[in-house]
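**Q** If you're matching them up, the sequences are chains A and B in order.
Quick note on numbering: our numbering labels position 9 of the first sequence as 9, and the sequence is numbered without any gaps.
Quick note on numbering: our numbering labels position 68 of the second sequence as 68, and the sequence is numbered without any gaps.
Just so you know, the hints here were simulated from the structure itself, not pulled from any lab data.
All C-beta atoms, glycine included, are put in the ideal place defined by N, C-alpha and C.
Take these hints with a grain of salt, some might be off.
Below, a list of computed lysine to aspartate or glutamate pairs in the EDC-like style, where the Cα atoms sit at most 16 Å apart [as the list claims (entries may be wrong)]: (1) A:K198 - A:D261; (2) B:K97 - A:D443; (3) A:K255 - A:D300; (4) A:K339 - A:E376; (5) A:K94 - B:E123; (6) B:K98 - B:E114; (7) A:K460 - A:E426; (8) A:K94 - B:D79; (9) A:K98 - B:E87; (10) A:K98 - B:E88; (11) A:K218 - B:E87; (12) A:K94 - B:E88; (13) A:K255 - A:E320; (14) A:K98 - B:D79; (15) B:K100 - B:E89.
Partial list, derived from the structure: chain B residues whose beta carbon lies under 8 Å from chain A [as the list claims (entries may be wrong)]: (16) P34; (17) S58; (18) V60; (19) C70; (20) C84; (21) E87; (22) E88; (23) T95; (24) W96; (25) V99; (26) I106.
Distance ranges between label pairs, derived from CB positions [what the hints assert, rightly or not]: (27) B:Q92 - A:P100: 27 to 37 Å; (28) B:E67 - A:G377: 43 to 53 Å; (29) A:D424 - B:V55: 28 to 38 Å; (30) B:E56 - A:G202: 21 to 31 Å; (31) A:D424 - B:L61: 40 to 50 Å.
Chain by chain, the residues:
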Amino acid sequence: MQRGLHVKGLGKLPLGLEQILDEVPVGIMVFGQDRRVVLINRALEAMTGFLAHEASGIPCHYLLRSNLCGHGCQLREVRARGRQLCAEANIVNKNRQKIPIRLTSAQILDEDGEPVAFIESVEDLRSQEAAIEGSVASFVSGKLVGVSHEMQRILKIIPVIAQTDSSVLITGQTGTGKDVVAEAIHHASGRAKGPFIKINCGALPEALLESELFGHQKGAFTGAIENKPGRFRLAHNGTVYLTEIGDLPLNLQVKLLSFLDDKVVYPLGSTKGHQVDVRVVAATHRNLEEMVREGRFREDLLFRLNVIRLHLPPLVHRGEDLKMLKDHFLQTYSSRFGKRIQTFSEEAKHIFHSYGFPGNVRELRNIVEYAVNVCEGNQIQREHLPAYLWENHLHRGEHTPADDGPGPVRTRTEHHRSEISWADAERQMIMDAMVKSQGRKSDAARMLGYCRSTLWRKMKRHGIIE
Amino acid sequence: MKKPASTTPEKPPSESSGSTTRVLIPLLGDDVAPRFDLAPEALIVAIDSTGRPTVEKSIVLPQASAEALCGLIVNEKVDVVVCCAIEEEYYQYLTWKKVKVIDSVIGSYSRVLERFVQGTLVEG
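Extracted from the complex, chain A is given alone in its bound form (with noise of 0.2 Å):
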């Protein structure tokens, strides 16, 4: 950040202008008449992903990678008509999301009306678009979908919950929809405007955790060569999505617990602390009250992260919302990969119907992208599902759909998985992929409907390689 640039008659010593634009809630770059940055807020960190000290002095087209940097860019026309431009367009952030936002541009006249530098202020407009649709028969709610009894329930409490300030403690299996619930939480909320900053606390090792959540000073140990603010401090007014909370070392539940009873963050190796404002939103898939009887879970803190539950269910119990899921997952992987794709042949309905989805709502998505990939006519037949699906199907032999009857479907398979936990059977279908692929991983992981660095993940996860 740059040094020198301050605003005097607001205390007894000059402000740096820093400080101030710190606390305006859109991201806000200056830079001068060759276009390098001079400095950006902090709501532009969030954004963009760059700190203060990582931008200054880069052109600013590298700093925004907006589609508008390059041939459509306004600052000619700030420069030639000598007053702001507003325009709608997209960035392209460090994190590689691609965000809309509403960019304006204007022109810094000196004292004698020379431009000495431009400034542009950048609003995120995700929360705009991520607007509640919604409809009489169904609830589609951003990028929620289900009209099923549990689903509806959630859908409407989301709304609710995000008035509130309260933290928010999201359960539930794997691939149920935490992320989207989170999100969708924070969208409908005030904070709407404000940063939303994810924080997985599985992923990375304790003390880089410690540094990337509450930040470090200059020199607090080795290789700590510049101030860094923390994600807390970047996630300042928004809203702090904290997933595989369980996963959270104990040393810095303790730290977060502090943090959530007076809201300070005190960054690694210095002693003076910053007040911030954000909303803290948790979820995991583990059962944090027997991780608390087995003391790898603070108590106190489950309480203080439990003010607000939701649990979302598994997809076997949202019967009604399977059918829906998985037109609504044809129709958008049809139109992206230019395919005309309209139908399930009867055969592949039932598989569907009668297989388990351990992996939730993403593994439906992952089989039905892998169906429309492999699929070259109109109607997705059973070939063209994963082999794993309808070989199962095939060695359970006599179940029909009319032996389920209405509402969630159970299967003889699914009992057997719920009394095995979502790892062994993960396990269990990876090994038998391998079987049948005669240990070549790219057959496996299609099969799987997997990537192969999603397969090399969990079978490392499983130690099934080292």
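The hints should help you fit chain B onto chain A, whose structure is shown.
**A** Below, chain B alone, put in the same frame as chain A:
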């Protein structure tokens, strides 16, 4: 060019496959294009086992498109893509196709290649 410097260097091309490494850089003028999906040009460079880069071809794309660029990368059997902003979808696709992607790289292509050959070019 400011970005390429970093702590965890890429594997130098001479160590990567033992033979030629084909690198594609989406361009805007002489610089790395700010956006992968909006790049009007792409440069394919072959780096031999001694680390000597040779510009193989500069392709003017008929229409800026991430899909078209991905198709070109796969058809041209490119090993490494060096670019600035790329969406997750295309990043994952290329990684799945065993193409190494080094993104969030800025600056002129000559400097980028220099750093790549030195083995000091990294993401971000």
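**Q** Look at each hint and say if it fits the structure.
**A** Going through the hints against the structure:
About 20 Å separates the Cα atoms of K198 of chain A and D261 of chain A, which puts this hinted pair outside 16 Å; it is violated. Proximity of K97 of chain B to D443 of chain A is assessed by CA-CA distance (about 15 Å); at most 16 Å being required, the pair is judged to hold. Restraint check: the Cα-Cα separation between K255 of chain A and D300 of chain A comes to about 12 Å, which is no more than 16 Å; the hinted pair holds. Proximity of K339 of chain A to E376 of chain A is assessed by CA-CA distance (about 8 Å); at most 16 Å being required, the pair is judged to hold.
Taking the CA atoms of K94 of chain A and E123 of chain B, the gap is about 10 Å. The hint holds against a cut of 16 Å. Restraint check for K98 of chain B and E114 of chain B: the C-alpha separation of about 23 Å exceeds 16 Å, so the hint is violated. The suggested pairing of K460 of chain A with E426 of chain A holds, with an alpha-carbon distance near 12 Å, which does not exceed 16 Å. A hinted pair counts as satisfied when its Cα atoms are at most 16 Å apart, and K94 of chain A with D79 of chain B does not qualify at roughly 22 Å.
About 7 Å separates the Cα atoms of K98 of chain A and E87 of chain B, which keeps this hinted pair within 16 Å; it holds. Distance check on the hinted pair: K98 of chain A and E88 of chain B sit about 9 Å apart at the alpha-carbon level, within 16 Å; holds. For the given pair, K218 of chain A sits about 32 Å from E87 of chain B by alpha-carbon distance, which is inconsistent with the 16 Å threshold. A distance of roughly 10 Å separates the Cα atoms of K94 of chain A and E88 of chain B; the hinted pair therefore holds under the 16 Å criterion.
About 43 Å separates the Cα atoms of K255 of chain A and E320 of chain A, which puts this hinted pair outside 16 Å; it is violated. A hinted pair counts as satisfied when its Cα atoms are at most 16 Å apart, and K98 of chain A with D79 of chain B does not qualify at roughly 25 Å. A C-alpha spacing of about 14 Å is found between K100 of chain B and E89 of chain B, which places the hinted pair at or below 16 Å, so the restraint holds. Given the 8 Å rule on beta carbons, the hint for P34 of chain B holds: about 5 Å separates it from the nearest Cβ of chain A.
At about 17 Å, the closest approach between the beta carbon of S58 of chain B and any beta carbon in chain A exceeds 8 Å, and the interface hint on this residue is violated. Of the supplied interface hints, the one on V60 of chain B is violated, with its beta-carbon coming no nearer than about 14 Å to a beta-carbon of chain A, more than 8 Å. Taken as an interface hint, C70 of chain B does not check out: its beta carbon lies about 14 Å from the nearest beta carbon of chain A, beyond 8 Å. This hint holds: C84 of chain B has a C-beta 6 Å from the nearest C-beta of chain A, less than the 8 Å allowed.
Annotation: E87 of chain B was flagged as interfacial toward chain A, and the flag holds, the nearest CB pair being 5 Å apart, inside 8 Å. Interface hint status for E88 of chain B: upheld, as the beta-carbon distance to the closest one in chain A is roughly 4 Å, under 8 Å. Nearest Cβ of chain A to the Cβ of T95 of chain B: about 6 Å, under the 8 Å cut. The hint holds. About 5 Å separates the beta-carbon of W96 of chain B from the nearest beta-carbon of chain A, less than 8 Å, and the hint is met.
For V99 of chain B, the suggested interface contact is broken, since its CB lies about 12 Å from the closest CB of chain A, more than 8 Å. With a least beta-carbon distance of about 4 Å to chain A, the hint placing I106 of chain B at the interface is held under the 8 Å criterion. Between Q92 of chain B and P100 of chain A the Cβ separation comes to about 21 Å, which falls outside the hinted range of 27 to 37 Å. A beta carbon spacing of about 23 Å between E67 of chain B and G377 of chain A contradicts the range 43 to 53 Å that was offered as a hint.
Between D424 of chain A and V55 of chain B the CB atoms are about 54 Å apart, so this pair departs from the stated range of 28 to 38 Å. For the pair E56 of chain B and G202 of chain A, the beta carbons lie near 43 Å from each other, so the given range of 21 to 31 Å is not met. Restraint check, D424 of chain A to L61 of chain B: a C-beta distance of roughly 49 Å satisfies the suggested window 40 to 50 Å.
Hint check: violations occur at hints 1, 6, 8, 11, 13, 14, 17, 18, 19, 25, 27, 28, 29 and 30; the rest are consistent with the structure.
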